[in-house]
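Asker: Okay, here's what each chain looks like letter by letter:
2 protein chains.
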Amino acid sequence: MNEKAVVILSGGLDSTTCMGIAADKGYEIYALTFDYGQRHRHEVEHAKRVAQFYGVKQHRIVKLDFLRQIGGSALTDPEMEVPTEGVTDDIPVTYVPGRNLIFLSLATSYAEVVGARTIFIGVSAVDYSGYPDCRPEFIASMNETIRRVTKTSQQERPIVIEAPLVHLSKADTIRLGTRLGVPYHLTTSCYQGQSPACGVCDSCRLRLKGFAEAGVEDPIPYVTRQPS
Amino acid sequence: MNEKAVVILSGGLDSTTCMGIAADKGYEIYALTFDYGQRHRHEVEHAKRVAQFYGVKQHRIVKLDFLRQIGGSALTDPEMEVPTEGVTDDIPVTYVPGRNLIFLSLATSYAEVVGARTIFIGVSAVDYSGYPDCRPEFIASMNETIRRVTKTSQQERPIVIEAPLVHLSKADTIRLGTRLGVPYHLTTSCYQGQSPACGVCDSCRLRLKGFAEAGVEDPIPYVTRQPS
Numbered sequence: 001m002n003e004k005a006v007v008i009l010s011g012g013l014d015s016t017t018c019m020g021i022a023a024d025k026g027y028e029i030y031a032l033t034f035d036y037g038q039r040h041r042h043e044v045e046h047a048k049r050v051a052q053f054y055g056v057k058q059h060r061i062v063k064l065d066f067l068r069q070i071g072g073s074a075l076t077d078p079e080m081e082v083p084t085e086g087v088t089d090d091i092p093v094t095y096v097p098g099r100n101l102i103f104l105s106l107a108t109s110y111a112e113v114v115g116a117r118t119i120f121i122g123v124s125a126v127d128y129s130g131y132p133d134c135r136p137e138f139i140a141s142m143n144e145t146i147r148r149v150t151k152t153s154q155q156e157r158p159i160v161i162e163a164p165l166v167h168l169s170k171a172d173t174i175r176l177g178t179r180l181g182v183p184y185h186l187t188t189s190c191y192q193g194q195s196p197a198c199g200v201c202d203s204c205r206l207r208l209k210g211f212a213e214a215g216v217e218d219p220i221p222y223v224t225r226q227p228s
Numbered sequence: 001m002n003e004k005a006v007v008i009l010s011g012g013l014d015s016t017t018c019m020g021i022a023a024d025k026g027y028e029i030y031a032l033t034f035d036y037g038q039r040h041r042h043e044v045e046h047a048k049r050v051a052q053f054y055g056v057k058q059h060r061i062v063k064l065d066f067l068r069q070i071g072g073s074a075l076t077d078p079e080m081e082v083p084t085e086g087v088t089d090d091i092p093v094t095y096v097p098g099r100n101l102i103f104l105s106l107a108t109s110y111a112e113v114v115g116a117r118t119i120f121i122g123v124s125a126v127d128y129s130g131y132p133d134c135r136p137e138f139i140a141s142m143n144e145t146i147r148r149v150t151k152t153s154q155q156e157r158p159i160v161i162e163a164p165l166v167h168l169s170k171a172d173t174i175r176l177g178t179r180l181g182v183p184y185h186l187t188t189s190c191y192q193g194q195s196p197a198c199g200v201c202d203s204c205r206l207r208l209k210g211f212a213e214a215g216v217e218d219p220i221p222y223v224t225r226q227p228s
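Heads up: the sequence lines are chains G and X, in that order.
Note that the numbering used here has the first sequence beginning at 1, numbered continuously upward.
Note that the numbering used here has the second sequence beginning at 1, numbered continuously upward.
The following block holds chain G by itself, in its conformation from the complex:
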């Protein structure tokens, strides 16, 4: 029997690359997608197609209305606008407070119940939007917290978060994914939730820059292709 892994799958470029990595390593995959009232919730449909592509064992879609209810981010609050002027050095208004903390907490519970010992998450601290919950220090600390909280802490193998893209640039991620046959045509990245993608939000800009640097054609349609 194959080892099991939980893969946090948004339907975007990075998490879909993680699916490719987990599949390449032979894991039986339990995909976990969050429907948290994000402006770009069409990504949930993309996640379904990606999960189907990889023939996952189970795909759970978790509704988290709470994040929309409390707002506080341009991704969940319809009153706030998504910036389209380019990536800056500050933590942007698209940051959803504690999002990956919440996602990884729920993934830990899921992993413990299905008997997975590995959780994949596609965070990267290179070519990213400056979100604090994408940094390697956060992942390391979260691993420590998980080790203390789960039942398995008394056993030999704790649940461990793997963030295989954390030190990769977007271009490196795309090169790796392309080698692994990752279906980028099924993914979406646009924060504005547009199809064709807007091409000007931070997420579209970072994606386009990555494909350009990798020398690979981005297979999805755009309204406009802005350099980052």
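Keep in mind the hints are simulated off the structure, nothing from the lab.
Be a bit skeptical, because a hint or two may be false.
Note: identical chains are not told apart, hence a pair may lie in one copy or across any two.
Computed cross-link-like contacts, DSS-like style, restricted to lysine-lysine with a CA-CA straight-line distance of at most 30 Å [to be verified]:
id	residue 1	residue 2
1	Lys4	Lys25
2	Lys63	Lys48
3	Lys25	Lys57
4	Lys57	Lys209
5	Lys4	Lys63
6	Lys209	Lys4
7	Lys57	Lys4
8	Lys209	Lys48
Computed from a predicted structure; not experimentally measured.
Starting from the known structure of chain G, fit chain X onto it as the hints suggest.
Answerer: Positioned in the frame of chain G, the structure of chain X alone reads:
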């Protein structure tokens, strides 16, 4: 303007005592209750009454169907039975994997959005059910993780979890709460979700033992009052 605090409120004895402590310290309270498909979800109604008693600024009730969907605990899986034979040394089947990790993650997000810097949680590692997510090592590690993940990590005051009951016995908690005028008549503890309370599940047993040791009359009705 008063300082704000998020209080995780189940409607049970410990979290209601935390409400009393937060109120006594003068915090403006943002109560957070989780409806996660627990067998004893009548506690949500008790939480509402407690929140009303304390005149909280806001009371959010978060639906988390996911925990019920994945099961894995006697508290969320109707197929599993709640033990009634007494408290043992093992992690019991009523443990909900990662429950406090999930609750604190969502509380962190809530605190960040409303501008609270303190989160109260009523965990105790004395007279408890052996859950790993109630131990002080977990709280300390979670505080470290929160410090790394939240926006406020760059500012002076990070969000901090306070677990004022973590080293208190149940009797000490009840003595403290009684001094603070905590409305224990509004609370419930029964894992079986019964009213009158069953008196024989771990949670009823620990509560009854605590009141007996504190020399205080437990104001709620029981089917039977078993010594722990």
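Asker: Please name the hints from earlier in the document that this structure breaks, with their numbers sorted from lowest to highest.
Answerer: 4, 6
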